[in-house]
Amino acid sequence: MLKTFKIGGVHPPENKWTADGKIEVLPVPEEVVIPLGQHIGAPATPVVQKGDHVKAGQLIGEAAGFVSAAVHSSVSGTVTAVEERPDAGGIPRPVVVIKVEGDEWMEGINRSERAEHNITASKEEILKAIGAAGIVGMGGAAFPTRVKLSPPPGNTAELLIINGVECEPYLTADHRIMLERAEDIVVGTMILMKALGVKKAVIGIENNKPDAIGKLQGIATKVLGVEICPLKVKYPQGGEKQLIKAVTGKTVPSCGLPIAVGAVVQNVGTALAVYEAVMKRKPLVERIVTVTGTSVKKPGNFLCRIGTPISRLIEAAGGLPADSAKVICGGPMMGRAMANLDAPVTKGTSGILILSEKEALRKPESNCIRCSKCVSVCPMGLEPYLLMDLSRFQLPERLETEKVMDCIECGSCSFTCPSHRPLLDYIRLGKGRTGVMIRNRKK
Amino acid sequence: MNTILITIVSLCAIGIVSAVILYIVAQKFNVEEDPRIDTVEGLLPGANCGGCGYPGCRGLAEAIVKANDMEGLLCPVGGTAGMQKIAAALGREVSEAAPKIAVVRCNGSCDNRPRINRYDGAPSCAVEHALYAGETACIYGCLGCGDCVEACVFDAIHMDETTGLPVVNDKCVACGACVKACPRSIIELRNRGPKERRIFVACVNKEKGGTARKACSVACIGCSKCAKACTFEAISIENNLAYIDFTKCRLCRKCVGVCPTGAIQEINFPARKITPEIQETENTPAVAAEAKETVKPAALTAETAVTGTLVPTAVTVVKEVVVTEEVVTVEEEIVTVEEEIVTVEDVSAGEKAEEPEMTEEREVVEETIPEEEKKEVPRKVDLATDEEIDFKI
Amino acid sequence: MLKMRAMKNRVISPSPHVHSGDSIEKNMYGVLIALIPAFICSVLFFGLGAVLVTLTSVVACLVFEYAIQQFLLRKRPTIFDGSALITGVLLAFNLPSNIPLWIVVIGALVAIGIGKMSFGGLGFNIFNPALVGRVYLLISFPVQMTTWPVPAGVTTPLTDAATGATPLALMKAAVNTGKPVSELISSGVVSGYRDLFLGNLGGSLGEVAAFALLIGFVYLLFRKIITWHIPVMIFVTVFVFAGILHLANPDLFINPVFHLLTGGMMLGAIFMATDYVTSPMSVKGMTVYGIGIGILTVLIRQFGAYPEGMSFAILIMNALTPLLNRYFKPARFA
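Residue numbers (the numbering used here), protein chains in the order written: chain F, 1 to 443; chain W, 444 to 836; chain P, 837 to 1170.
Chain F on its own, in the form it takes in the complex (with noise of 0.2 Å):
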């Protein structure tokens, strides 16, 4: 019997066809445009100015406080704006304008294919090289992994979890990297347990990769303290709460972090990054993107520089399918629907979806039936028909009592609907105003 969560969970239909693209090297596009604020919290200070030349793994932003990270430049050419531009919705963003001149990277920068294994960093080192290397969480939340990794006081961490279980359909890049970079994740998974000080690991894998699962075994069993847990497919197991409870059963208390519980999550692309961080002292300038689509004509996976624009990364998939009517940023389950194809890949960016004009297009909403179907699939175990009519009732204290904090916005609930009612995206506005209510009650 694999294990998983408790309650609630939907199975949508995996589409994972890329799952066989080796992972491609995209070419240096000629101009990137690199957001500052790429990560939750506050966006990157920039250090540089128009007409600077910079080269790749350059800094270009410094982290803005402590929840916030660095930003590198991903080529190397002459800075020609640090101006807004209109992110993936459309709304204006500070970025850095660099036009591409060359590939000089920046010294120190180990590129070279060889592995290093040997840990010789001490834990200081190692949590001072990742806020350096600006990285952050790179299944999609892109929380800044320096933050992570320190425990706030009276909370000690006892166990790491590497978060490999990709459940949001079409995505293959967490998969593709576990099949081709399985020593260095074992290896970044080693220096993340080094700099927790936590004497075990785990890495979550859903039981829809057998072949990622039989390599990181392998590889696994010849490291003390780090363990392979296969995971019975189920959306939404990549959720930091719910794969905790899959892995050791605990449960993250209501609002809590999965600290109290002593556990710390990283992606597996996450542990890859801090790997290239520590052992060879590139910082986090490219990441690896799924782009695929019922009609994409060559579906792959690509290594690309951070700032590329998505719309090159289109054409490299073949370029936009006629019938394409929707493009979303990430996975089907929670991506953003991508208002602007010029907005750049950013560390978050886990992969490009295009739908066809039959696929992306809501059906019209009817009466609610009350079937509780969204009450049984919600892995948090709250009420979405109840959330949505206290949200567009605005009753920001009736959600509260409900536990609309609780909500981790996975999306089963619209998901399953029979009504093809939007209840996530109301509870989503409930929620931000409820979070609004209580930071001004704190205040």
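You can trust all of the hints, since none of them are fake.
Straight-line C-alpha distance at most 35 Å; calculated DSBU-like pairs for lysine-lysine:
1. F:Lys250 to P:Lys1060
2. F:Lys280 to F:Lys50
3. F:Lys3 to P:Lys1120
4. P:Lys862 to F:Lys234
5. F:Lys55 to W:Lys651
6. F:Lys6 to F:Lys194
7. F:Lys443 to P:Lys1165
8. W:Lys623 to F:Lys442
9. P:Lys1120 to P:Lys1165
10. F:Lys6 to F:Lys232
Covered by chain W, per the in silico footprint, the following chain F stretches (three or more residues, Cβ under 8 Å):
11. 86-96
12. 356-363
13. 424-436
No wet-lab data here; the hints were simulated from the structure. Predicted model, so just to flag it, every value in this text is computed and none were measured. Even for Gly, the Cβ is constructed at its ideal location relative to N, Cα and C.
Dock chains W and P against chain F, hints included.
Okay, now just chains W and P, sitting in the frame of chain F:
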């Protein structure tokens, strides 16, 4: 007989016992309340709209009685007249407040502001605003999902099907519910003005002129021509956006004439004098009439969306396309460009192709206006070349 | 400009961007499929009468739903979502097969007009519409509603068929006259358990065949249209509660298996109590709701004026559903 007697007696007994219980309970659990609260509540409209900022009419009544003067307490529904009645009942003075109305400060109709996306989420402006810039390139303008319509309890605001923008009608009592509901703060409460005449900047776009103009043909570009034209210092420019202070504005309409994009709207003013040329145009054959039709969205809607009156600049535009030959070229151009769209975009569905045509027509029409005439018409800005035009004047 | 045009048709919306493909229609027609075995049984037992009553009820429900939506509420009619169809079938299943058809039409009007549309249509009704219709008819036309034809196979004549009492009515009569109920089955007045299970007994046209309804139950569970909680909780409660009573006094209270197999127990528990709109949302709520229906049914059957209590029990618990939703929250993650 006996049965009837017993019935009467028992009924009376129940009645008396109930009355005694009621009396005792009423005495025991009596809550002392200022009787004036009831008086004031009786004078309030009783709509419980919350427009005053208090929870219902009783809440406002309590606040009024508790306060020492009427400062900052206003029932937007009852208005000044209602407040005066209340003040008289309480033996206080009330200051005069001009009647107000909600004003939608966006004119980004489908014609003025091309749609570049289709929003397919929950029909709520708040939801859309939280995630996206909206269906157009303007990140400040109306999203058109109708949160304001839903918020209005007076049936005073409705969506216009053709423009996709909300329209306020006379039923508005300036309760401010729509102002609060609008996530983009487009709706403002302004003085109703003498004879319901109002002038306001129908734009809230804070982008630089070029960007704003690219997103919407009737955007305020912050050129400050209106501020210079205003003799009463009623217009201020902040963040590339003009704002007309309605307490200072004397409704002279000078600013309306100088605005290069037509972002300033005038409402309920009598029509200005129509020059002879315009009548000629109306008499010319169908071709010219059609030409006028195509020009209208670009030049006319901005100024005359509400009143339907013709303003001088509109007249000049019509003058330009009266020449029949030119009209023909316009149409030819439209056709060629349409074909271009089809080949470039490879639009498959017929209905999809329709939308781009609309905007394309408009752009082409503007392109065909001769260069020398453009100088005479301050309001005419070529969309196709506006990337080069610097709006900082 | 070119780029702008290329973006023209792009759709934007909040996540999620995919849907399970589930719909109201799929669920409603699933329930209808689950009702097919019971319908076949009713035709086999009661003949053409069953077909006529069902057809009349379904058509009347659809017509009333369409008329009310189109002309009174001025909304787009949604008669094809299957909900009116189910109401029609369930109403018919709760009627005797020899009932005059005009009564069926009145029942349909009450079910759709008062039971459903007066609350605002699908999703807003407090009570199960079919049961509202049935109870209205039961109170207004008690004679026609309780004249049960004796099952005589497919060839049962439409009129002048032999009529008889339902097992529950016989039980009630026995209790009222002071006869020990235990003698009912042993003396052969009521058919044996095999007949009760197969449905070879007097009663409403859809409620008699327990095994056919159970096949439908399995189908509903298999398609995940309903969860097991409500029906199973009703069965368990009835069995336990009636069992306790039976153990206390076998002469006055009949054995629990009899309760489970007679009257509207199966139809009510599987198809009426599980109605989406009028049943609680959380598992805890469903459990309490099921227990409530079970207890009320046995209480009404044993101590009430009517021989059958399922309809009333469900309606009473329907009224409590909003309260149950309020107080019985689903198991939270934390």
